[in-house]
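A.B. asks: Each chain, written out:
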Amino acid sequence: MSTLLQVEDLAVHFRVPYGLVELVSRAPRRVIRAVDGVDLELRRGETLGLVGESGCGKSTLGRAILRLVKATSGRVLFEGKDVLGLDHEGLIGFRRRAQMVFQDPHASLNPKLTVGQALDEALRVHRVCPPAERAERIAALMETVGLAPELAARRPAALSGGQCQRVGIARALALGPELIIADESVSALDVSIQAQVLNLFMRLQSEMRLTMMFISHDLGVVRHLCHRVAVMYLGQIVEAGPTEEVFHRPRHPYTQALLEAIPRMSPDATGPTATLAGEPPSPIALPAGCPFHPRCPRALPVCRRDPGPAQRLVNDVQVRCHLY
Amino acid sequence: MQASLLEVEGLTVEFATPAGSFRATDGVSFSLAAGEVMGLVGESGSGKTVTCRALMRLLPSRQARVIAGSARIDGVDLMALDEAEMMRVRGAKIGMIFQNPMTHLDPVMAIGDQIAEPLRVHQGLPRAAALERAVELLRQVGIPDPARRVRAYPHEFSGGMRQRAMIAAALACRPKLLIADEPTTALDVTVQAQILRLLLELREREGLAIILISHDLGVVAQICDTIAVMYAGRIVERAAKRTLLRRPLHPYTAGLIGSQPGAAPPRLELPSIPGQPPSLIDLPRGCSFHPRCALAEPACRAAPPPLVEVAPGHHTACRRWRALEAAG
Chain A
1 MSTLLQVEDL
11 AVHFRVPYGL
21 VELVSRAPRR
31 VIRAVDGVDL
41 ELRRGETLGL
51 VGESGCGKST
61 LGRAILRLVK
71 ATSGRVLFEG
81 KDVLGLDHEG
91 LIGFRRRAQM
101 VFQDPHASLN
111 PKLTVGQALD
121 EALRVHRVCP
131 PAERAERIAA
141 LMETVGLAPE
151 LAARRPAALS
161 GGQCQRVGIA
171 RALALGPELI
181 IADESVSALD
191 VSIQAQVLNL
201 FMRLQSEMRL
211 TMMFISHDLG
221 VVRHLCHRVA
231 VMYLGQIVEA
241 GPTEEVFHRP
251 RHPYTQALLE
261 AIPRMSPDAT
271 GPTATLAGEP
281 PSPIALPAGC
291 PFHPRCPRAL
301 PVCRRDPGPA
311 QRLVNDVQVR
321 CHLY
Chain B
1 MQASLLEVEG
11 LTVEFATPAG
21 SFRATDGVSF
31 SLAAGEVMGL
41 VGESGSGKTV
51 TCRALMRLLP
61 SRQARVIAGS
71 ARIDGVDLMA
81 LDEAEMMRVR
91 GAKIGMIFQN
101 PMTHLDPVMA
111 IGDQIAEPLR
121 VHQGLPRAAA
131 LERAVELLRQ
141 VGIPDPARRV
151 RAYPHEFSGG
161 MRQRAMIAAA
171 LACRPKLLIA
181 DEPTTALDVT
191 VQAQILRLLL
201 ELREREGLAI
211 ILISHDLGVV
221 AQICDTIAVM
231 YAGRIVERAA
241 KRTLLRRPLH
251 PYTAGLIGSQ
261 PGAAPPRLEL
271 PSIPGQPPSL
281 IDLPRGCSFH
291 PRCALAEPAC
301 RAAPPPLVEV
311 APGHHTACRR
321 WRALEAAG
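Chains as they are written, first to last, in my numbering: chain A, 1 to 324; chain B, 1 to 328.
Calculated from the structure, these hints are not laboratory results. Certain hints may be false.
[As the list claims (entries may be wrong)] Covered stretches of chain B (in silico footprint by chain A; criterion: 3 or more residues with CB under 8 angstroms from a CB of chain A, positions within the stretch not fixed): (1) 151-163; (2) 209-223; (3) 231-245.
The beta-carbon is built from N, C-alpha and C at its ideal position, and this holds for glycine as well.
Construct the entire structure; sequences and hints are all you get.
C.D. replies: See the structure below:
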């Protein structure tokens with residue numbers, strides 16, 4: 001499979017707002033390293049899962065790829081062309097081909113627009129088709145995502161969470177994109193509705209040959225949906241590879257702990273294994289050495305000094321850990 | 001199991017809204033033994049939180065009213081108590097923890113004082129003694145360096161530590177029952193595992209009974225002895241954890257279990273429950289689940305089926321449970 005998207009050494013650093021105390025004491029400006037040297041490849045037609053705990057930088061990474069937040073350094077190559085260097089016109093062209101579906105379906109829709117108007121807006125702004133064909137196009141989009149035609153006249157407040165999320169997906173599809181980045185797009189949905197929307201994603205992906213990046217904290221969902229998975233911790237990708245390989249033989253100690261902590265719905269479960277003590281440190285005050293070493297059960301002396309090696313390839317899996 | 005600690009009978013809560021009135025819970029009955037951990041699962045709006053707020057008498061009094069039912073703890077009906085008597089129950093007999101500790105901890109009060117408050121109110125301990133006990137409680141819930149942390153404020157704690165502090169405050173007066181409303185939903189999975197472990201330890205050590213509200217069957221499966229499933233304001237199935245997960249006898253429970261990712265091989269279509277949960281204002285006639293149910297027959301549209309015990313300890317509110325049992 002050919003590469004559609006190549007992320008190279010991408011970093012997104014945010015400045016912490018400067019308060020009066022810092023101003024007076026002339027403290028150095030503090031920086032949040034939300035994304036810190038990420039390399040990632042997305043192949044055409046695949047679904048890549050991006051997992052990690054809250055604050056690990058997975059949403060920021062997704063947004064930086066689509067230029068919804070400004071990257072500090074690095075490159076995002078879409079078909080070999082650096083997205084970060086695009087001018088306004090180039091960016092609009094890129095956005096037509098790469099779209100995002102957000103987590104909160106109610107918050108990401110304009111409450112004043114009906115479903116039909118929301119879809120019409122996307123078609124109009126990006127001049128996807130002649131005005132005369134828009135109505136037909138909207139009806140087709142709604143059918144694709146499984147929305148009854150009569151819902152076109154409703155506003156988001158009159159829709160359920162699952163229906164809103166389908167509208168969000170339809171709006172992303174309206175431009176006929178090749179890449180979709182879905183950020184926690186099923187997390188806000190009830191279990192019985194979540195399965196319906198996951199099925200929709202899988203169907204769309206195979207029918208339209210979409211390339212997808214699926215950002216989620218839910219490892220069960222990612223395992224079901226994704227061909228490959230990348231695990232993020234404090235702004236870095238610590239492990240990435242084929243989903244089944246990573247789930248069967250996790251190599252990075254963080255991935256191992258994360259998988260053990262998933263509560264499984266087994267009749268004989270006897271409580272989750274809590275292998276990791278503590279919580280992720282703040283991305284403002286990253287520990288020296290490998291960012292995971294204070295919680296790592298297998299940390300070596302070198303891990304306290306050396307900020308983790310570059311990714312290494314072990315049986316198809318990229319691992320960033322001194323143990324390998 | 002020992003004699004029951006809590007007996008809930010026919011609890012029905014009505015909400016009045018401009019759009020009409022509806023029953024957020026309708027005839028909810030269950031019992032809980034001392035030291036038992038019960039999971040209360042269901043989707044948003046199914047009535048699990050309302051049930052527990054009703055037990056604590058913490059419903060918004062302007063809109064919500066308990067129109068029928070009782071809830072006895074140690075033989076005393078909580079629904080019949082006045083507010084002053086109820087104040088003596090909250091914290092002392094029943095503790096409660098919530099999904100978001102930040103909205104339930106006072107941001108301008110030191111953690112230690114918040115844990116000490118119920119001890120001073122309920123047990124009349126002087127401040128110094130109550131604070132000493134607060135340090136001990138923080139140690140018990142696994143907060144490192146409790147003697148120093150007792151003076152910290154909530155914003156100085158991480159999410160998992162806040163949840164631990166809220167557990168310490170809820171357990172300060174050694175209640176026999178802890179109601180935990182989605183206590184790990186806002187936490188990361190590695191921290192969630194730590195908190196679930198802590199709840200299990202507290203049950204072992206203190207003989208605490210717990211009602212764990214969750215939308216996540218995986219979480220409930222980890223630590224519960226029994227599970228009650230709610231749908232549209234009613235309990236539709238209740239059984240021991242193993243029985244319920246292995247042989248669900250209500251089609252909604254079976255549907256929930258079947259639609260978990262992992263129920264089908266990767267990348268294949270997941271079985272899903274068609275349609276959506278009904279609006280409580282406009283419930284379907286008969287069994288509320290019938291429009292989404294593959295087993296529905298004409299009788300299901302007539303009257304809501306009662307929750308009946310079809311095997312020892314296994315209750316279901318489905319007329320067609322035999323068909324499910326036969327299908328295995």
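A.B. asks: Output the numbers, in ascending order, of every earlier hint that fails for this structure.
C.D. replies: As far as the earlier hints go, not one is violated by this structure.
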